[in-house]
Amino acid sequence: MRSILHIITGLGPGGAEGMLARLITHPEAQAGLRHHVMALGPRGPVADLLESHGVPVTAIGYGSHRGALSSLTRLVQQTRRLAPDLVQGWMYHGNLAASVAGTLASTRSPVVWNVRQSLEIQREKPATARVIRTCQRYPWPPRVVVYNSHTAAGQHAEFGFPLMDVVIANGFDVERFSPGRSDRSKVASRHGLDPSRPWIGYVARFHPLKDHRTFLRAARRLLDQGVAAQFILAGEGTDPGNELLGRWIREFELQREVRGLGSISDIARLTASLDVGTSASASEAFPNAIGESMAAGVAPVATDVGDVAELVGDCGWIVPAGDAEALSDRWGGVLALTPEERKREGLRARERICRRFELAVVVRRYRRLWADLMSGGLRYEVG
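Numbering-wise (my numbering), the sequence shown opens with residue 2 and increments by one.
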């Protein structure tokens with residue numbers, strides 16, 4: 002049985018981490034293959050999910066109790082011990098680590114990078130920007146770079162990343178995210194929400210590229226127009242302990258209307274219970290939350306970044322990035338629809354996801370890629 006080692010920055014509740022888990026726990030991905038996941042940082046909640054499906058997880062612990070040299074030594078030792086047939090990196094730090102491990106461990110296994118975001122290096126933390134530049138000039142490039150959007154592929158190629166690339170979009174679990182998961186009363190009770198108000202939800206980690214400030218500006222504008230909506234933020238860093246987010250909420254006088262939930266376990270139930278699922282991102286590749294909203298039968302309102310327009314098609318609404326007025330107006334337009342009209346639009350959105358972006362379709366593309374690389378070929382279409 003052949004084995005694949007996945008090296009990822011961490012296993013917290015993020016989009017890339019979730020896609021990795023969905024991919025390698027899928028029955029078709031596990032047939033005839035052994036997967037092992039190595040997290041550079043400490044364990045996170047996704048580690049427990051992976052292990053519950055029989056996928057071993059090793060946490061290197063870099064950035065906590067281990068220094069750089071100790072972490073690198075353990076990374077190389079573990080890679081050499083596992084002797085994988087293929088090494089696949091996830092996200093910038095994981096990609097660089099995959100190449101370093103593959104080189105120093107002398108496994109002769111093909112290395113694959115997986116880039117999960119559009120390139121906005123000027124908005125990244127200095128440490129992340131340094132890793133991106135190191136990837137760009139690394140002397141032993143990967144066999145192929147996988148992107149989840151054509152926009153990200155073009156940006157990184159122009160920046161100087163290896164030109165051998167393939168685009169495989171995110172895949173969505175249409176059983177977990179489905180209209181049948183909607184339960185407003187339970188969600189309202191658990192998270193202190195008002196079930197009598199329309200809910201507008203933004204599921205995204207707190208990061209400059211997610212542009213939560215534009216979301217809050219749009220919320221203030223919609224309320225000023227007399228629409229008594231409740232605005233819900235979910236994702237890492239959106240909890241009440243975020244001082245910057247709290248300051249913005251007070252600045253726009255949204256203390257009563259905005260609920261920041263942070264990372265939550267019942268995200269599928271929340272998503273299906275929304276009246277509007279939205280994204281205010283200033284930059285994005287292929288957002289999981291928008292696809293999950295569509296799968297749950299909630300037609301989205303999203304900013305025109307990355308491959309969002311390709312994902313949404315005519316089954317939602319696209320507005321310019323950074324335009325709080327356009328975002329607010331479109332929310333208002335959706336809420337002006339009757340419940341029956343919103344349901345009809347939501348079902349169209351779900352049908353699009355089931356037809357074009359269902360998880361099994363994406364798993365098969367990865368299976369083909371892995372098989373080709375492990376056999377020494379490149380038979381898939383690149384670019």
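Simulated from the structure, these hints should not be mistaken for laboratory data. One thing to keep in mind: the hints can contain errors.
Claimed, not checked - DMTMM-like, lysine to aspartate or glutamate: derived pairs with alpha carbons at most 25 Å apart: (1) Lys-126 / Glu-244; (2) Lys-344 / Asp-184; (3) Lys-187 / Glu-176; (4) Lys-187 / Asp-240; (5) Lys-126 / Glu-254; (6) Lys-344 / Asp-276; (7) Lys-344 / Asp-174; (8) Lys-187 / Asp-276; (9) Lys-187 / Asp-174.
As the list claims (entries may be wrong) - Estimated spans, in silico, between C-beta atoms of each pair: (10) Asp-225 / Glu-52: 45 to 53 Å; (11) Asp-315 / Gly-377: 25 to 33 Å; (12) Ser-190 / Ser-71: 43 to 51 Å; (13) Pro-180 / Gly-227: 25 to 33 Å; (14) Pro-140 / Thr-26: 31 to 39 Å; (15) Glu-159 / Ala-128: 19 to 27 Å; (16) Asp-49 / Pro-321: 34 to 42 Å; (17) Arg-82 / Pro-196: 46 to 54 Å; (18) Ala-372 / Arg-82: 23 to 31 Å; (19) Gly-227 / Glu-342: 40 to 48 Å.
Every residue, glycine too, gets a C-beta built ideally from N, C-alpha and C.
Verification of the hints:
1. Lys-126 / Glu-244: Holds - the C-alpha atoms of Glu-244 and Lys-126 are around 18 Å apart, at most 25 Å.
2. Lys-344 / Asp-184: Holds, at about 15 Å.
3. Lys-187 / Glu-176: It holds: about 20 Å lies between the C-alpha atoms, which stays within 25 Å.
4. Lys-187 / Asp-240: 20 Å, holds
5. Lys-126 / Glu-254: 29 Å, violated
6. Lys-344 / Asp-276: Holds, at roughly 9 Å.
7. Lys-344 / Asp-174: OK: Lys-344 and Asp-174 at ~20 Å, within 25 Å.
8. Lys-187 / Asp-276: 15 Å, holds
9. Lys-187 / Asp-174: 22 Å, holds
10. Asp-225 / Glu-52: 45 to 53 Å: 49 Å, holds
11. Asp-315 / Gly-377: 25 to 33 Å: 42 Å, violated
12. Ser-190 / Ser-71: 43 to 51 Å: 47 Å, holds
13. Pro-180 / Gly-227: 25 to 33 Å: Because 29 Å falls inside the window, the suggested range holds.
14. Pro-140 / Thr-26: 31 to 39 Å: 34 Å, holds
15. Glu-159 / Ala-128: 19 to 27 Å: 23 Å Cβ-Cβ, so the 19 to 27 Å window holds.
16. Asp-49 / Pro-321: 34 to 42 Å: 40 Å, holds
17. Arg-82 / Pro-196: 46 to 54 Å: At roughly 53 Å between Cβ atoms, Pro-196 and Arg-82 fall inside 46 to 54 Å, so the hint holds.
18. Ala-372 / Arg-82: 23 to 31 Å: 24 Å, holds
19. Gly-227 / Glu-342: 40 to 48 Å: Between Gly-227 and Glu-342, where Cβ atoms are some 20 Å apart, the hint is violated.
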